[in-house]
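Protein chains: 2
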Amino acid sequence: MPEQSLTLHTYWRSSASYRVRMALNLKGLDYESRPVHLVRDGGEQLAAGYTTLNPQQLVPTLVHDGRILTQSMAIMEYLDEAFPQTPLLPGTPAERARVRAIAQAIACEIAPLNNLRVLKYLTGPAGIGEEGKLAWYRHWTETGLAAVERMLDQQAAGRFCHGDEPTLADCCLLPQVYNAHRFECDMNGFDRINAVCHELEQLAPVRDAAPENQPDAA
Amino acid sequence: MPEQSLTLHTYWRSSASYRVRMALNLKGLDYESRPVHLVRDGGEQLAAGYTTLNPQQLVPTLVHDGRILTQSMAIMEYLDEAFPQTPLLPGTPAERARVRAIAQAIACEIAPLNNLRVLKYLTGPAGIGEEGKLAWYRHWTETGLAAVERMLDQQAAGRFCHGDEPTLADCCLLPQVYNAHRFECDMNGFDRINAVCHELEQLAPVRDAAPENQPDAA
Chain A
284 MPEQSLTLHT YWRSSASYRV RMALNLKGLD YESRPVHLVR DGGEQLAAGY TTLNPQQLVP
344 TLVHDGRILT QSMAIMEYLD EAFPQTPLLP GTPAERARVR AIAQAIACEI APLNNLRVLK
404 YLTGPAGIGE EGKLAWYRHW TETGLAAVER MLDQQAAGRF CHGDEPTLAD CCLLPQVYNA
464 HRFECDMNGF DRINAVCHEL EQLAPVRDAA PENQPDAA
Chain D
284 MPEQSLTLHT YWRSSASYRV RMALNLKGLD YESRPVHLVR DGGEQLAAGY TTLNPQQLVP
344 TLVHDGRILT QSMAIMEYLD EAFPQTPLLP GTPAERARVR AIAQAIACEI APLNNLRVLK
404 YLTGPAGIGE EGKLAWYRHW TETGLAAVER MLDQQAAGRF CHGDEPTLAD CCLLPQVYNA
464 HRFECDMNGF DRINAVCHEL EQLAPVRDAA PENQPDAA
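Here the protein sequences come in this chain order: A and D.
Those letters in the first sequence? Residues 284 to 501, by our numbering.
Those letters in the second sequence? Residues 284 to 501, by our numbering.
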């Protein structure tokens, strides 16, 4: 393989960045980390320079040989197409649909409701206060993870979300569960989810992607 | 092609259902509509029978020859793999990444914040009232569409979001803009978005997917 240049604009606590870090590491791809601090100076992601790179003013952004890629799900699909080693999607359309559905159940139904700018709006313009914000956070995390638990239950168990190899679904699940613990969500009853996360945490490439192991971790 | 059985569990006003209806119609696939009324009787999607089909209790669900598929983005990717005619994704990984990023910018950053169950929570447990709910709706739609407009601006224009053929990105954009109009969002300044939607509305398969043309439209 020719030498590749991969630069990830990332924030240690961003679950979308964590997903892409997992995907990169599971595929054994070296990359340079460029931290974007989402809180300092009102949020470095809002600076003009970064907006040129990422018009949504969100992390992550991956730059591959000068090509700018945004949106974590799209980035992971790109990585799987551009670097076919250690595939993160299974082989058949039906299996791929199942993996993508689990991934999207997290990326579309849990994460967007609980990200930093949404929480800021809730305590700012919406004025629901810290208690209200926490209740909101836990409600959507627990509702969403309960649905994911039912999805995992529908099919014979493997070590991970789908079978015995990590997929895009796992790259979405573990960061969401990390956040759930951080906000003290009730994780009781999520037996399949907890078991999958335990398996994932045994893998060195996964551990290396964890927030606390990032150069910008506070 | 052998005869295929496609059944879509759908709600006329659900933007995620609208996306999949567009994808099915653009591919020229016949399907049977099974309406799931999200409001009547407290929401038919919460009934036990439907939960077995869709553990997330959301529409749409597509059943293809007995195979159950959920999450609109995963369903559309599946359709594109299982029925390659009239592809909804372009040919190269980089182009596909761009289309998916635009689609996800809508599916992950706008739609999840404004769906029915979220709005219910806002006026219910969060107690922000009807005015607060509308402000919330417009804030996230306008913020999200402004980012999509910038994404469209980054690359030479075509008739649609990416080039001159409709893609997954268009299947996400038009339903979101339909909702934006319904909630009287400010659509000024979204020149690229408005132009793309105008082009899309010229296509009969797209018009056939519109909420008002569904059997369950009220």
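A couple of the hints might just be wrong.
Restricting the straight-line Cα-Cα distance to at most 25 Å, the calculated cross-link-like pairs of lysine-lysine (DSS-like) are [said to hold, decoys possible]:
| # | chain 1 | residue 1 | chain 2 | residue 2 |
| --- | --- | --- | --- | --- |
| 1 | D | 403 | A | 310 |
| 2 | D | 310 | A | 416 |
| 3 | D | 403 | A | 403 |
| 4 | A | 416 | A | 403 |
| 5 | D | 416 | D | 403 |
| 6 | D | 310 | A | 403 |
The set of hints was computed from the structure by calculation and includes no laboratory data.
Practice task
Sort out which numbered hints this structure fails and list those numbers smallest first.
Solution key: 1, 2 and 6
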